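Student: Residue numbers (my numbering), protein chains in the order written: chain A, 1 to 184; chain B, 185 to 528.
Hints are computed from structural coordinates only; laboratory data are not their basis.
Some hints could be false.
Cβ-Cβ distance ranges computed for the label pairs, FRET-style [unchecked claim]:
hint, chain 1, residue 1, chain 2, residue 2, range
1, B, Asn-232, A, Ser-12, 57 to 67 Å
2, B, Gly-295, A, Glu-159, 55 to 65 Å
3, A, Leu-156, B, Thr-292, 52 to 62 Å
4, A, Val-109, B, Trp-203, 42 to 52 Å
5, B, Ser-426, A, Asn-112, 55 to 65 Å
6, B, Ala-474, A, Glu-159, 46 to 56 Å
7, A, Leu-150, B, Phe-250, 49 to 59 Å
8, A, Met-169, B, Phe-250, 22 to 32 Å
9, B, Ser-426, A, Ser-12, 47 to 57 Å
10, A, Leu-155, B, Gln-380, 51 to 61 Å
None of these values were measured; they are calculated from a predicted model.
The beta carbon of each residue, even a glycine, is placed where N, CA and C say it ideally should be.
Given next are the chains, with one letter for each unit.
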Amino acid sequence: MEPGLFFFWLFSAVVVVGAVGVVVMRQPIHSALFLLLSFLGVACLYVQARAELVAAVQVLVYAGGVMVLFLYTIMLVNVKRQRTERYLHRQAVPALGFGFLFLLVVGGVVVNEARALAGKAPAADPAALATTVIGSETVLGNTQAVGWVLYRDYLLPFEIASLFLLVAMIGAVVLGKRTMERFD
Amino acid sequence: MSDATFALVATGAKILFVWVIALATILPNLVWAERRVAGMIQDRPGPNRVGPFGFFQIIADGTKFFMKESVTPLYVDKLLYNLAPWITLMPGLVTFAVIPFGATLPVTIGGVTREVPLVIADVNIGILYIFAFTGLGIYGIVLAGWSANNKYSLMGGLRASAQIISYELAMGFAAAGVFLAAGTLRLSGVVEWQQQHVWNVVPQFVGFLVFLIAAFAETNRLPFDLAEAEEELAGGFHAEYSSFKFGMFFMGEYANLIAASALLATLYFGGWSLPGVAFTGVWGALASVAVFFAKTIGFIFLFLWVRWTFPRFRYDQLMDLGWKFLLPLSFFHLIAVAAFVAAK
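The shape of chain B in the complex, shown without the other chains:
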């Protein structure tokens, strides 16, 4: 097998792996997990009838999405109305392309051993790529809100656009600290740096907090889900969506949640690495993949935990928190990191 063919096959296998693990395994189970965790936190059973621990509830839920009538209201902007759910789904799916999910895996075929880095595309501009696509994902919500020709949807779309613009800046500044310390925009470089030194969460705890809060806002999760706010806006941007298209918003939210968790684990908690452990060989690489997904699932749990614990922010509180607190804080944090890096 030539090098070029091998690279092609390896990349295909990696894409398939991430697809199967992250999107076909974690994502559907997340729907079940969310409801079980909600039950646990609110001291009630949660879905527990279908299968063991209610595990097959996801099949029932999924079938429901497919079987319901898909209603398209009159006077909607057809093209944008149908396009919006797809745009929402996109950033969560493409983010995984640049996140390293394991150490290098040695593969021996026909007596030749090749090292396969476990990241789909280790691009130079890693984090900028992620921010660029997350920035585009907002169009899904904004266009859904506008195209549905409903004032509640429009309000949701407006809220979402203002919210994401506000929190993107703080998130960017917080993440910049990580890359300043590591000296590269490559996510694999960031993981390597943390492996050699210390997890970023220790020296950059402030940045971690800012990034975490901004991640909640960027994924539209409670306490920042003002774009849907079912009590005030009756679902907001997806008020006019039903059946499978609504299901896509649903999946999009979870895909973004998984991506945000993976990013948090990579930037601040060492990605696939563990302090003092060298992951070598085939088993080492597989163990590192397990470590990475364990950390990601830990963050996913944190997202669920917060959702079922905190009440929603008011809109002016959300803006105050973003502009008057997180943004200055992340800015001073960045300056502090820069001073520290320069002094070293």
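Chain A on its own, in the form it takes in the complex:
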């Protein structure tokens, strides 16, 4: 097996093991840590796809920010270990059935797509993706490429998305404040 392929499978395995760990673990902190493992695996896959910027942002935002807040919340409200309760009661059989159906549909699409692509040249050269032509000069690097696309080609969707996030943030502040006043 060539090294690139080997690492692809390795990181993919990390992502899947992490994802399974999130739902299987009984201790919420352990679940959160498995989610972190999954995020890191995804970051590794990004690096392999030569998207270093996305990988760094993935670690920075998800692993360094979101997950720390998750841990903070779990620790703050002191969620206890699940002991006796079973996760799946009567849903077990239907859940397995639907899960299998879902796997069949998604797997079918992926396999079909892979068959169609087999033997063809890749749609884009990773090295070319990391180069941007700005005006007359060629700039090397992921960061410039992402910035250029985000703030020029997709400026409007980008701004709309940030507006949505702002609205969500203000909403969260308002909701949080109201409960604070009620308890005071």
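Given the coordinates of chain A, work out where chain B should sit on it, guided by the hints.
Tutor: Relative to chain A, chain B alone:
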């Protein structure tokens, strides 16, 4: 020697050099220096019995860490409890990989001269790499606090996570100003820009102040050491650690301190460069390395100085300072820098 072999050997040599200088020389001496500086500032001798100026105190201290009994309390989460000290040590060690510590060094082997840039890995995303790993380092403190099964530890872990999240944003915005001005995320590019123009501390003094304050918070140093706060939390996140594992937290803190100092020197004080001096040739490169480490040690001294001078913040003051003062300030600073860059 082929180019590939040479690159491999050069990288290995650079890693070894940084390891020896930054971690095996500065770090242990920092323990001694901290206590001597503390003595100096508080008008008392400090450790002065073991060896000249108490210099061999570090050997005594180190031996103590190894020889003490390692106590693991009951009902701890064994895996996370043992893993946490290692995670804390990591960011300080990996940060040095992307910090340029000198000018290019010409190396002649067998009549062929090759230029070796004195940085271990000059990655494209330089600063993001550092922020990503510093962000991961917090897990060491948080997990230590949680896994030890002690309410004081837990409080320390909680405090640390909230504190680092709060100050990371201000730190990021402040640093963004530097990269906006230099037009690259590469740290070697930042140093080059400062060499050609002016040290960033002059045009971006506000950003420097924000970054400096945030660096104190990120390294958990006084006046922001609320995660350990021995008077209130009896050591906080490391209350249940002893012997070598405690020593690792200790080393982790110092490694982060050295890394933060090196970063401050690189981003705002020209890194290895000096205004009006061209570092060329072998001796020039070596001189630039000396300049870089002198600046780093200067910042380390500043960290020690502040620690033994200022009292600790209260937790609400810490949050107010971070969210209501530093964050808006860094934001306006970034906008000002952006306007300036756009106007130019």
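Student: Look at each hint and say if it fits the structure.
Tutor: Hints versus structure:
| no. | hint | verdict |
| --- | --- | --- |
| 1 | B:Asn-232 with A:Ser-12: 57 to 67 Å | holds, 58 Å |
| 2 | B:Gly-295 with A:Glu-159: 55 to 65 Å | holds, 59 Å |
| 3 | A:Leu-156 with B:Thr-292: 52 to 62 Å | holds, 56 Å |
| 4 | A:Val-109 with B:Trp-203: 42 to 52 Å | holds, 49 Å |
| 5 | B:Ser-426 with A:Asn-112: 55 to 65 Å | holds, 59 Å |
| 6 | B:Ala-474 with A:Glu-159: 46 to 56 Å | holds, 49 Å |
| 7 | A:Leu-150 with B:Phe-250: 49 to 59 Å | holds, 52 Å |
| 8 | A:Met-169 with B:Phe-250: 22 to 32 Å | violated, 50 Å |
| 9 | B:Ser-426 with A:Ser-12: 47 to 57 Å | violated, 40 Å |
| 10 | A:Leu-155 with B:Gln-380: 51 to 61 Å | violated, 32 Å |
Of the numbered hints stated above, those contradicted by the structure are hints 8, 9, 10, listed in ascending order.
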